[in-house]
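Here the protein sequences come in this chain order: D and E.
Residues in the first sequence are numbered consecutively from 1, following this note's numbering.
Residues in the second sequence are numbered consecutively from 1, following this note's numbering.
Hints in this document: simulated from the structure, not taken from any laboratory.
The C-beta atom is built at its ideal place from N, Cα and C for all residues, glycine as well.
One should not assume that every hint holds.
[As the list claims (entries may be wrong)] Beyond 12 Å from chain D on every Cβ pair, some chain E residues (computed):
{"#": "1", "residue": "Val119"}
{"#": "2", "residue": "Thr181"}
{"#": "3", "residue": "Gly273"}
{"#": "4", "residue": "Ser340"}
[As the list claims (entries may be wrong)] Among chain D residues calculated to face chain E with C-beta under 10 Å, some are:
{"#": "5", "residue": "Leu20"}
{"#": "6", "residue": "Ala28"}
{"#": "7", "residue": "Leu35"}
{"#": "8", "residue": "Ile39"}
{"#": "9", "residue": "Leu42"}
{"#": "10", "residue": "Gly49"}
{"#": "11", "residue": "Val68"}
{"#": "12", "residue": "Val148"}
{"#": "13", "residue": "Val152"}
{"#": "14", "residue": "Gly156"}
{"#": "15", "residue": "Lys232"}
{"#": "16", "residue": "Ala270"}
{"#": "17", "residue": "Ser276"}
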Amino acid sequence: MKFWTLLRANLGRHKRRTFLTVASVALALFLFASLRTVITTLAAAAQFGSARRLVTTNATGFVLPLPVSYANRLGTVPGIEKVTWANWFGGRYGDGKRFFATFAIDAESYLDLYPEMSVPADQKAAFLQDKGGALIGARLVDLFGWKVGQNVTLQGTIFPGDWTFTVRGVYTPTDPAINDDAMMFHWSYLDERTGREGLAGWYIMQIDRPDNAANVATTIDDQFRSSPFPTKTGTEQAFNASFATMWGNIGLLMNTIGLAVVFAILLVTANAMMMSARERTRELAILKTIGYTDRLLFVLVLAEAGIITVTGAVLGLGAAKALYRATNFNGGGFLPGFDVTWATMAAGAAITLLLMLGSGIIPAAQAARLPVVTALRNVE
Amino acid sequence: MKIPILYNLRSMRARPVSTALTALGIALVVAVFIGTLALANGFATALVRTGSPTTVLVLRKGADSELSSSINRETASILASMPQAARGTDGRALVSAEVYVVIAAGRIGDTTAMANVVVRGVGPEAWQVRSNVRVAEGRLPASGRNEICLGTKLVGRFPNTGIGQSMHFAGRPWEVVCHFTAGGSAFESEVWGGNEQIMPAMRGEVFQSVSFRLADPAAFEDAKRALEADKRLTVDVHRESEFYAQQSQLLGNILRILAILVTSIMAVGAIFGAVNTMYAAVASRRPEIAVLLTLGFRPGNVLVSFLLESALVATIGGIVGCLLALPLNGLVTSTTNWASFSEIAFAFRITPGLLLAGMAFAVVMGTLGGYFPARQASKIEVVKALR
Chain D
1 MKFWTLLRAN LGRHKRRTFL TVASVALALF LFASLRTVIT TLAAAAQFGS ARRLVTTNAT
61 GFVLPLPVSY ANRLGTVPGI EKVTWANWFG GRYGDGKRFF ATFAIDAESY LDLYPEMSVP
121 ADQKAAFLQD KGGALIGARL VDLFGWKVGQ NVTLQGTIFP GDWTFTVRGV YTPTDPAIND
181 DAMMFHWSYL DERTGREGLA GWYIMQIDRP DNAANVATTI DDQFRSSPFP TKTGTEQAFN
241 ASFATMWGNI GLLMNTIGLA VVFAILLVTA NAMMMSARER TRELAILKTI GYTDRLLFVL
301 VLAEAGIITV TGAVLGLGAA KALYRATNFN GGGFLPGFDV TWATMAAGAA ITLLLMLGSG
361 IIPAAQAARL PVVTALRNVE
Chain E
1 MKIPILYNLR SMRARPVSTA LTALGIALVV AVFIGTLALA NGFATALVRT GSPTTVLVLR
61 KGADSELSSS INRETASILA SMPQAARGTD GRALVSAEVY VVIAAGRIGD TTAMANVVVR
121 GVGPEAWQVR SNVRVAEGRL PASGRNEICL GTKLVGRFPN TGIGQSMHFA GRPWEVVCHF
181 TAGGSAFESE VWGGNEQIMP AMRGEVFQSV SFRLADPAAF EDAKRALEAD KRLTVDVHRE
241 SEFYAQQSQL LGNILRILAI LVTSIMAVGA IFGAVNTMYA AVASRRPEIA VLLTLGFRPG
301 NVLVSFLLES ALVATIGGIV GCLLALPLNG LVTSTTNWAS FSEIAFAFRI TPGLLLAGMA
361 FAVVMGTLGG YFPARQASKI EVVKALR
């Protein structure tokens with residue numbers, strides 16, 4: 001630590017340069033952490049799903065419905081404990097600029113299958129009792145300032161007309177991969193208003209044992225294979241994963257940009273370190289003549305690069321971690337549970353190390369190998 | 001008197017590593033800038049090109065996408081006899097009532113990964129309603145048979161897409177009889193078949209939309225007013241081009257915001273790099289600058305000269321950045337159009353305008369980064385610097 005004064009003096013010599021370089025590193029790592037988190041968040045959404053839940057959709061395409069009468073038949077399949085169903089309700093609120101998902105659910109069985117959606121007991125009871133009631137995610141309360149007991153009107157896009165619901169409860173997801181900006185209302189209300197067609201969008205089943213999933217899925221699909229509405233059944237996780245793959249090669253895009261960012265900043269820091277070292281050629285030679293070893297100078301120059309990159313990294317990664325958590329960012333509903341993971345932080349730390357070595361090793365080696373006589377000869 | 005630009009060029013050559021690193025930093029920013037905007041561009045173009053300003057798209061009132069719309073047979077037959085529709089060479093109205101569904105199709109290579117593909121059941125006139133649709137290979141599906149025509153972007157990406165092969169969906173086989181192009185639009189990611197065959201296989205007795213070609217391209221507003229005022233109809237009338245442009249908005253905006261956010265943060269880093277380099281350049285050339293000032297060059301000349309030098313470095317970076325991004329042009333990728341939950345394939349699109357924007361961006365970065373160092377250079381005290 002006795003060299004601390006020397007390091008501090010060197011870093012303080014060009015305060016502006018040190019500051020700008022630290023800031024570049026901080027920005028780079030902030031960007032890296034943000035891009036990486038887009039990937040991890042999508043991956044987490046694809047991983048989400050209880051191993052004990054199955055999803056059954058129309059085999060032709062998930063936008064096509066199934067008869068609600070399948071509920072009873074699904075309930076009798078061996079291994080299935082509980083059955084519920086839901087419909088996608090395309091609804092628009094206000095000017096439609098802020099979109100959120102709306103589902104019609106078979107309320108009691110649905111909430112029973114999703115213990116991850118936590119609703120206060122009195123609100124849950126009120127929602128179950130009110131046929132025109134709605135259950136909303138906590139984020140919608142923040143976004144629109146809705147209160148329990150308030151009436152909310154949506155314009156139906158699939159089911160035309162104005163739909164007014166009374167907010168009866170607010171749910172908070174205990175699993176961050178569940179959207180906290182959805183709205184749910186009673187399936188029976190939708191069915192009644194649309195002329196009792198008896199159509200369910202998809203079914204969700206709870207099975208007795210996770211390792212039974214493949215068997216139960218095959219049994220279900222075989223049973224409906226020759227019906228007018230054949231089914232496709234898989235685990236909830238596979239269902240969510242198929243949505244995540246719909247983003248295409250977004251992961252590749254994020255990684256490529258992240259790499260370009262890190263490389264660009266490597267150039268900036270390397271340039272700054274080389275400029276510092278070049279200006280100090282004479283000093284380094286003097287240090288050598290008063291007894292500093294080659295190895296010590298190598299370490300000192302590298303340490304200077306280290307202080308710059310590590311300070312930048314702590315600022316950039318720290319800001320990413322704190323900012324997204326504090327602002328409860330969720331990418332407009334597309335990226336629920338957006339939070340910089342510790343694995344991303346570790347990757348950021350590894351990049352910091354690379355930045356330090358990449359920017360510091362050439363000037364450090366040059367300093368160590370510097371021939372004293374030639375360096376001092378050029379004194380003005 | 002201006003300082004000759006040769007002075008700057010020689011100075012840049014005197015410190016090649018610094019110049020190259022700074023230029024390369026700027027090049028990477030420009031490459032990412034162009035690349036991400038080319039992606040957003042390509043996506044928007046695919047959807048915008050889908051629609052034609054002379055084609056009218058009729059949906060059920062309140063429906064925000066073809067998927068959520070429904071048009072019954074009665075409405076469809078009223079629309080089929082509209083006076084506003086153009087006539088084909090055989091004298092029939094160019095109107096197509098269409099069924100629109102999204103089906104699950106396995107991908108080549110990984111059959112567990114499913115993609116959602118649009119199946120459009122079209123009327124016999126559809127091929128003339130859409131002026132950009134051309135059959136590239138094969139013949140049109142015969143009426144009354146389970147035959148389909150595939151957009152060229154599906155071919156090779158999904159199994160059984162060759163002519164003569166059969167795709168299996170909705171519980172029956174569909175023979176592929178042709179491939180069509182549609183000017184790079186989203187139609188090229190769709191399966192087209194006869195509406196009377198697709199309808200019973202899918203959603204029952206209902207169409208999703210009716211499209212027709214305007215007889216008088218300027219008469220859109222008249223047609224819209226007439227149809228929306230018709231008491232027998234509850235429909236919204238869209239100009240097809242505007243409708244698809246609006247469909248691309250959500251994802252297009254996400255991509256554009258991403259591009260701007262990422263590149264502006266990167267740009268700040270690159271500007272810092274330029275600032276550092278230029279300050280170092282000024283510091284190491286203090287005696288030189290003092291000599292220039294004693295020779296009679298004004299401080300303003302020095303300022304301009306150093307700004308120019310910084311802008312020059314950035315221009316080199318900009319050119320390299322454009323060259324780095326260019327190979328992306330035409331590269332086909334796919335993503336989901338969230339407005340229809342279906343997959344659309346599109347190509348990165350680098351336009352001359354985008355390259356120009358990249359160059360301008362580079363010069364702005366260089367000028368911003370060079371300003372303070374250049375000002376410092378112009379304010380050097382001659383006596384001190386020469387001592």
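Now for the hints, and whether the structure bears them out:
1. Val119: violated, 8 Å
2. Thr181: Holds, because the least Cβ-Cβ distance between E:Thr181 and chain D comes to about 22 Å, which exceeds 12 Å.
3. Gly273: Non-interface label on E:Gly273 violated, nearest chain D Cβ at 4 Å vs cutoff 12 Å.
4. Ser340: E:Ser340 is in fact no farther than 12 Å from some Cβ atom of chain D, at 9 Å.
5. Leu20: holds, 4 Å
6. Ala28: Status holds, d = 6 Å.
7. Leu35: It holds, given that the least Cβ distance between D:Leu35 and chain E is near 7 Å, below 10 Å.
8. Ile39: Constraint on D:Ile39 not satisfied, violated at 13 Å.
9. Leu42: violated, 12 Å
10. Gly49: This hint is violated: D:Gly49 lies away from chain E, its Cβ roughly 15 Å from the closest one there, beyond 10 Å.
11. Val68: With a closest approach of 16 Å, the D:Val68 hint is violated.
12. Val148: violated, 28 Å
13. Val152: violated, 17 Å
14. Gly156: holds, 7 Å
15. Lys232: holds, 7 Å
16. Ala270: With a minimum Cβ separation of about 6 Å from chain E (threshold 10 Å), the hint on D:Ala270 holds.
17. Ser276: holds, 9 Å
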